[in-house]
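Student: Start from chain A and add chain B according to the hints.
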Amino acid sequence: MAQRAIREYDGKAIFSKHWEKYFSGFRYGFKSVLVTNGDELRAKAQEHGFEWLKQEALVAKPDMLFGKRGKNDLVLFRTTKPGDVTLEEAARWIDEKIAHEITLLSGQKGTLTHFIVEPFTPHAQEQEYYISATTVGEDDVLYLSAEGGMEVEEGWEEKVNEVTISITMKDNEIEHLIRANVPEGIPAENKERFIAFAEQFYKFYRDLNFAYLEINPIVMIGNDMHILDLVARLDDTAGFMMGDAWCGAEFPTAFGMEDQSPEEKAIAEADSKSGASLKLTVLNPMGRIWTMVAGGGASVVYADTIADLAGNVSDLANYGEYSGGPTTGETKFYADTVLDLMTRHKDPKGRDKILIIGGAIANFTDVAKTFTGIIQSFETYAEKMKAVGARIYVRRGGPNYEKGLKDIKEAADRLGLYIEVYGPETHVTDIVRMALEK
Amino acid sequence: MGALFTKDTQAIFWNNNASAIQRMLDYDYVVNRAKPSVAAIVAPTSGNKFEKFFYGPDEIMVPIFRNTTEAAAAFPKADVLLNFASFRTAYDVTMEAITLKGQFKTVMVTAEGIPERLARKMNQAARDAGVVVIGPATVGGIAPGAFKIANVGGTIENIVNSKLHRAGSCGLVTRSGGLFNELSNIIAINADGIAEGVAIGGDRFVGSVFIDNLLRMESNPAVKYMVLLGEVGGTEEYKVIEAVKNGQIKKPIIAWCIGTIAKHFSSGVQFGHAGASANADSETAAAKNTAMAAAGIYVPASFNDLPRTIADVYTKLKAEGIVVDIEEPSLRTVPKVRRKKEFICTISDDRGDEATYAGYPISSVATPETGFGIGDVISLLWFKKRYPKWATDYLETVIKTVADHGPAVSGAHNAKVTARAGKDVISSLVTGLLTIGPRFGGAIDDAARYFKYANDHGMTPAQFIDYMKKEGKTISGIGHRIKSVRNPDLRVSGLKKYAAEFFPSTPLLDFALEVEKLTTSKKDNLILNVDGTIGILMVDMWRALGYSEEEIDGFIDAGALNAFFVVGRSIGFIGHILDEKRLGMPMYRHPTDDILYNVELADEI
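The listed protein sequences correspond, in order, to chains A and B. Per this note's numbering, residue 1 is the first one in the first sequence, and the count goes up by one each step. Per this note's numbering, residue 1001 is the first one in the second sequence, and the count goes up by one each step.
Because the hints were derived from the structure by calculation, they are not lab data. A hint or two may mislead.
For lysine-lysine, the following BS3-like pairs were computed, each having C-alpha atoms within a straight-line distance of at most 27 Å [claimed, not checked]:
| # | chain 1 | residue 1 | chain 2 | residue 2 |
| --- | --- | --- | --- | --- |
| 1 | B | 1316 | B | 1245 |
| 2 | A | 369 | B | 1336 |
| 3 | B | 1263 | A | 279 |
| 4 | A | 346 | A | 265 |
| 5 | B | 1316 | B | 1341 |
| 6 | B | 1517 | B | 1483 |
| 7 | A | 31 | A | 21 |
| 8 | B | 1052 | B | 1341 |
| 9 | B | 1263 | A | 68 |
| 10 | A | 349 | B | 1239 |
| 11 | A | 81 | A | 71 |
| 12 | A | 81 | A | 54 |
| 13 | B | 1469 | B | 1483 |
| 14 | B | 1007 | B | 1251 |
| 15 | B | 1101 | A | 21 |
| 16 | B | 1318 | B | 1336 |
| 17 | A | 369 | A | 346 |
| 18 | A | 265 | B | 1263 |
| 19 | A | 403 | B | 1336 |
| 20 | B | 1035 | B | 1101 |
| 21 | B | 1245 | B | 1385 |
| 22 | B | 1052 | B | 1077 |
| 23 | A | 159 | A | 68 |
| 24 | B | 1007 | B | 1077 |
| 25 | B | 1336 | A | 406 |
| 26 | A | 54 | A | 44 |
| 27 | A | 191 | A | 170 |
| 28 | A | 203 | B | 1121 |
| 29 | A | 170 | B | 1263 |
| 30 | B | 1101 | B | 1049 |
| 31 | B | 1035 | B | 1007 |
| 32 | B | 1049 | B | 1384 |
| 33 | A | 109 | B | 1251 |
| 34 | B | 1400 | B | 1316 |
| 35 | A | 409 | A | 279 |
| 36 | A | 170 | B | 1101 |
These stretches of chain B come out as covered by chain A in the derived footprint (C-beta under 8 Å, 3 or more residues) [unchecked claim]:
| # | region |
| --- | --- |
| 37 | 1106-1117 |
| 38 | 1120-1133 |
| 39 | 1158-1164 |
| 40 | 1182-1190 |
Glycine is no exception: its CB is placed at the ideal position from the N, C-alpha and C atoms.
Bound conformation, chain A alone (with noise of 0.2 Å):
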């Protein structure tokens, strides 16, 4: 993971903490609170400090990483009409919306958990503008626009000056490249106020390590800045430098994305303990073909000549990969999981099921002492896996993969289970070949 998107509300509190230094010259109130329901947010307007939650008109919105909440009808600004939100509107809306699960215009599904809520900023169209960086290839690239609001990116070419810096390029030339590059549209009493805000835009972008920052729209009400809509990324890699510049945001899994089943979960937190990698994910629990590859690159290689050899993915039952020399224990646990997994249900066609024991020939990890926890669970599983007509494929290089592929075999046929063993005169993924062959 590099580059993870945090929440609005993280967003513009990171913004708060850093205005002095960054935008002088420019005021910001952050005027911001992110609440999960109604009486989180009364409870909120009674604490000292956010006494405006009474007394202005509001504004509440999602805060879940997902975009064009206009358009998918989720920002309450209105009632009867634009910026008349009461508090206590705003929490019945919040809790209404938590009750459902609702569906985006995108397909996605989900349950909204987490709203930000804002005063409501009267402006005009004319003050909005739009501003964002992120890195195109080696350089990183600052897009400007007079015209800021959802509608921007309908007739982006036109609208949206881009501004592309070099890793290497000093404060004056970034300076003097967004003069010479500040948007036609800018009315001449802000183009000022506007370039001094985009350079120092670029430098707060560029020295708190984002990864991607925009906002859409930003309003100019004199030096006053409203930051209405906020969407940001974090190169999270950067996060032992950044400390509590980051005002400790986090990183919310995208909305809509399905929940882990107990099995993937009990693999990711497995691997958060662990020294090594452990990855699991399901992909048709129903599946024909099991895959229990070491490595990363390697596990890539399996699927895809899964995919290539059967015509689809339809067989595929999971993908993941065990590397980093995980201790036996941690090898028994996974392929435990795996095994458990795989003989829930037969094969709908009648088909035998088919279990990839794969790796790239493996540059230190041992590859007997990790096949005994493979072992270990065969023992377990035995007849579980006769029962669905298992047929195991082994193919592995590396460390003392002679006594590995030896011992496999040995359990394998004392047990009973139908097996193939190879080692690195195969090539790698030429045993999927021989399972669908077969």
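Tutor: Same frame as chain A, but now just chain B:
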């Protein structure tokens, strides 16, 4: 351009990753490299000066430095930095290496998860400096038969099976490090192995990309064709397509992008590297495979067919006479069982026909016609160097000067008392030697240390005297019980005269004589004494012989100066002991009237 590494390539290894270094040295031994591929280790927090490694059945010492700059200064020809620092420090380590202009041609970075902005800066700085960065997030690369980075290739058995022990004719570039081994094996089985291979690394921003490596291989005559293993995501493969189309690359390329599975899943499933996801249709594995095939690159129907494609291209090149048969080289084998040595000796060796002193057979230094004196023997065995005559003469002068100072000094007195108690020569001698220390004979070390310290720190003679006063220390090497300016110590006069005539220069003595001017103006007997003169001139000798200040400080700290006193004065002690034996003097008992008795009844507590 041309080959990335040769059989003479040496690396500096940043981080004392002993197992990876041992694997490199095992490889070096097996492929008959003349010199180990690791010249030095950088380990900022290590207290050791070297680490022992096996080189075949024997052990060798690889020096350890605190930073890259020092290691590079000691090994100016080591032009590869293997940066095994963590993701927190890998950037700084690479940047330090880049600033050492002309030192490093290649920097390999293994850390995964360097902040993207730092990785971009690092890669750009390297490009601007003409340094090839391999990685980050890679196992590295290999030039079979010449140089292997760290863990690439796995075990020695696998290296030989995958023909990574000698150059073949394929250039291999992969993103994945895990599949690098596998590809080498496939190429060994279906062709004749690789001539050079690089895993460019799995992070989003890597230093050298596919095209950089393929262009280098195009210009390397040992490479006859290339194998490229790409991945879903990114557009680097299109640069390769461009180079093939415009004729920059003429050698055949066999290529495949892994991750074709991704097209079957709309989203949510992350295949392989975190960075390996397509942001556009053109970045999918299928699109890249199609585009590469259209450009005339050999693209198999699936990864499973890759071996056959490689075999076809290889057979074709062989039929055309472009690839020729390789003569398999003879290899050395690393013993299965090796025992670490408990002791190390770097000064003499008794294993051959004749024992040697620092490489000189004893017979070549012992007899008068060899021209070697005891000073030469000392320079060989103590300092592992052959000193010029003026220096060995000085060493002998010192030994002769300190050989004895009469029976009354405490060391000689102890030796005499012990001899009279009926003990043997060794016991009596040791009793005398044990007396040598801070008050007796130890002033040579301290004089050298303090005068050198003052001189190194640019103190004036007056500042030095002030400094010693503040430290509450008398100045070692200054002052004599009897001798004074008007009654000079002729031993000192002799040493000074010798130095003036034969030493190239005597900066520390000159400084000490300035100090002496000030001290003797206060008190007549505060002269530079014989201990001080010996120690100070020893420093001047080492400076003139070209030792660094750190090395000289090392000699002083190790006690090498007192050692001259020990050797010299042993001659005198033995003289006194033999004298006692000859005289047959009885057991000595000190007269009670020479002792002040002041004993009170002990209090009860």
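Student: All hints, please: hold or fail.
Tutor: Do the hints match the structure? See the list:
no.	hint	verdict
1	1316(B) - 1245(B)	21 Å, holds
2	369(A) - 1336(B)	20 Å, holds
3	1263(B) - 279(A)	20 Å, holds
4	346(A) - 265(A)	24 Å, holds
5	1316(B) - 1341(B)	52 Å, violated
6	1517(B) - 1483(B)	15 Å, holds
7	31(A) - 21(A)	19 Å, holds
8	1052(B) - 1341(B)	9 Å, holds
9	1263(B) - 68(A)	26 Å, holds
10	349(A) - 1239(B)	46 Å, violated
11	81(A) - 71(A)	18 Å, holds
12	81(A) - 54(A)	18 Å, holds
13	1469(B) - 1483(B)	23 Å, holds
14	1007(B) - 1251(B)	24 Å, holds
15	1101(B) - 21(A)	36 Å, violated
16	1318(B) - 1336(B)	38 Å, violated
17	369(A) - 346(A)	31 Å, violated
18	265(A) - 1263(B)	25 Å, holds
19	403(A) - 1336(B)	18 Å, holds
20	1035(B) - 1101(B)	24 Å, holds
21	1245(B) - 1385(B)	61 Å, violated
22	1052(B) - 1077(B)	21 Å, holds
23	159(A) - 68(A)	19 Å, holds
24	1007(B) - 1077(B)	13 Å, holds
25	1336(B) - 406(A)	22 Å, holds
26	54(A) - 44(A)	10 Å, holds
27	191(A) - 170(A)	22 Å, holds
28	203(A) - 1121(B)	15 Å, holds
29	170(A) - 1263(B)	41 Å, violated
30	1101(B) - 1049(B)	26 Å, holds
31	1035(B) - 1007(B)	9 Å, holds
32	1049(B) - 1384(B)	17 Å, holds
33	109(A) - 1251(B)	52 Å, violated
34	1400(B) - 1316(B)	81 Å, violated
35	409(A) - 279(A)	25 Å, holds
36	170(A) - 1101(B)	23 Å, holds
37	1106-1117	holds (count 5)
38	1120-1133	holds (count 6)
39	1158-1164	holds (count 3)
40	1182-1190	holds (count 4)
Hint compliance for this structure: hints 5, 10, 15, 16, 17, 21, 29, 33 and 34 are broken, all remaining hints hold.
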